[in-house]
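Build out the structure end to end from the sequences listed, making use of the hints.
Heads up: the sequence lines are chains A and B, in that order.
Here the numbering used here is used: position 62 in the first sequence is 62, and no number is missing along the way.
Here the numbering used here is used: position 76 in the second sequence is 76, and no number is missing along the way.
Hint data in this document are derived by calculation from the structure and do not stem from the laboratory.
One or more hints might be untrue.
The list treats identical chains as interchangeable, and a pair is accepted whether it falls inside one copy or across any two copies.
[Stated by the list, open to error] Derived EDC-like pairs: lysine to aspartate or glutamate, alpha-carbon spacing no greater than 20 Å straight-line: (1) K153 to E92; (2) K153 to D75; (3) K275 to E77; (4) K275 to E246; (5) K153 to D103; (6) K228 to E190; (7) K42 to D241; (8) K43 to D252; (9) K275 to D216; (10) K153 to E105; (11) K42 to D235; (12) K228 to D175; (13) K228 to D67; (14) K275 to E5.
Just so you know, these numbers come straight off a predicted model, no measurement behind them.
There are 2 protein chains.
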Amino acid sequence: MQVVETISEMRNLRPQLTEPVGFVPTMGYFHEGHLSLVRQAKKENPSVVVSIFVNPTQFGPSEDFRDYPRDLRRDLELLQNVDIAFVPSEEEMYPSGFNSWIDVERITQRLEGASRPGHFRGVTTICAKLFNIIQPTRAYFGQKDVQQAVVIKKMVSDLNMNLEIIVVPTVRESDGLAMSSRNIYLDAEERQAAIVLFKALSLARHLWQSGEKDTDKIRHQMTSLIQKEPLARIDYVSIADANTLEELNVIDRPALASLAVTIGKTRLIDNIILKGGK
Amino acid sequence: MQVVETISEMRNLRPQLTEPVGFVPTMGYFHEGHLSLVRQAKKENPSVVVSIFVNPTQFGPSEDFRDYPRDLRRDLELLQNVDIAFVPSEEEMYPSGFNSWIDVERITQRLEGASRPGHFRGVTTICAKLFNIIQPTRAYFGQKDVQQAVVIKKMVSDLNMNLEIIVVPTVRESDGLAMSSRNIYLDAEERQAAIVLFKALSLARHLWQSGEKDTDKIRHQMTSLIQKEPLARIDYVSIADANTLEELNVIDRPALASLAVTIGKTRLIDNIILKGGK
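Encoded structure:
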């Protein structure tokens, strides 16, 4: 594996990669979720590039950019079987005077976008830059950050970018907690409380499978369950159209059940898709 | 030459073009200015693609999108020696639900951007789409739309797009009027009056060559000259840094003298660069 720090070196190496090229953009501090993205990329492409870059422009001014966990040495050890680890500096990606941004409108106003203004502008801009630098055939995103995946797909489609976006299922701990680099922030008691996100999603699935289609009733029961957990504070609980992310009154199409809950000081998100025969 | 109307057909044909590929994005209704871009692209690349698309998103609500001159048959006859003419429909480029935009900040707020809010957002977005569809090695823009060229260069640099932007000198009528598709709007008297743009720029060059560096004095003399023309109404007269487009007090670096003047009902722009030994 080659560790590449500059855009010009990445451009020089790119023609040597065997096509098709899989790409996994990350902010590092790897857990099984990241590694499952890398494994799927390896399975589907002879060459794989992984980027590790904690992107400052997707964090709000009061968010955890400075404290976001980093462990580059460990990350690189976990990546031994990919072709290139692209680990640019902040100055390399955002030189002085940087002033160009990509906005995907409408679907970025809901859910995470409503709670984190400017977040998706940072996400789409850095992904477009990385796509242009690495020129992958396919890029891999996790289902856990479902809105990110939907927004990136919309950008790729609207701007006619030349790659395919692949969404990989969420990897969970044995008790159901979705893997996230931010889980490191949780103390033992909070870690226990954090299960409430998956419990609420499981309740939604159970109600839907039992024939409940009224989203008010499902949201209400999810909310009640979370409110019983004293360490949890709800940001949002949503049952939305899985494609447009618009809230649904009735589940009459593939739906996304998603939520953001702060446990102690740590904001966590999770989601499941409600669709198919059941 | 192949005339291509869809993105998918363009993508299918692209691999057959010999590299490097030159690209000339246009809104059609060709004059010598367009043809000089095509000639330069032909000279520098074995393959050339020209797009003809009157881009609705770069026109303001009160601007001339509907009336903008079009003559596709004549345009295609003038293009016989290029490889592909890409002539997509509005629906092909902006399908229902289109919602992604590229903003280059700061330099788009001045000059044309100040007079035409949203104009450059439309320009950068359509150019990014066309670059992604056509994947050129080089794209050619006219010096007459100098701010457009500066903004596109900034987008390409900030977003790490894989192409080179080439700026080609303005082509002028024998009396100095810059060629523009909008010159067709001028009646005989207005056509005569329109020379005042080039006269004002020539005056700026003369003053600067004579040693005048105070931009207030140069702008004042340009303004006085234009005001003597009864059919002319000034939108702006600018002496700015040629790279940042920020107004200069003193010409102590390469400068852009530019102006927008409405003649009758037709808004015209023109510019010259003041730099070098003289």
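Now for the hints, and whether the structure bears them out:
1. K153 to E92: between (25 Å within a copy, 18 Å between copies)
2. K153 to D75: Answer is neither: 27 Å inside a copy and 36 Å across each miss the 20 Å cutoff.
3. K275 to E77: Neither. Shortest intra-copy (38 Å) and inter-copy (54 Å) distances fail the 20 Å Cα cut-off.
4. K275 to E246: within (16 Å within a copy, 55 Å between copies)
5. K153 to D103: Both, since 13 Å and 19 Å are each at most 20 Å.
6. K228 to E190: Intra 14 Å, inter 77 Å, cutoff 20 Å: intra-copy only.
7. K42 to D241: neither (31 Å within a copy, 49 Å between copies)
8. K43 to D252: neither (35 Å within a copy, 59 Å between copies)
9. K275 to D216: within (18 Å within a copy, 67 Å between copies)
10. K153 to E105: For K153 and E105, only the intra-copy Cα distance (13 Å) is at most 20 Å; the inter-copy one is 24 Å.
11. K42 to D235: neither (36 Å within a copy, 58 Å between copies)
12. K228 to D175: Within one copy only: 18 Å inside, 81 Å across.
13. K228 to D67: Answer is neither; intra-copy 29 Å and inter-copy 64 Å both fail.
14. K275 to E5: Classified as neither; 42 Å inside a copy, 37 Å across copies.
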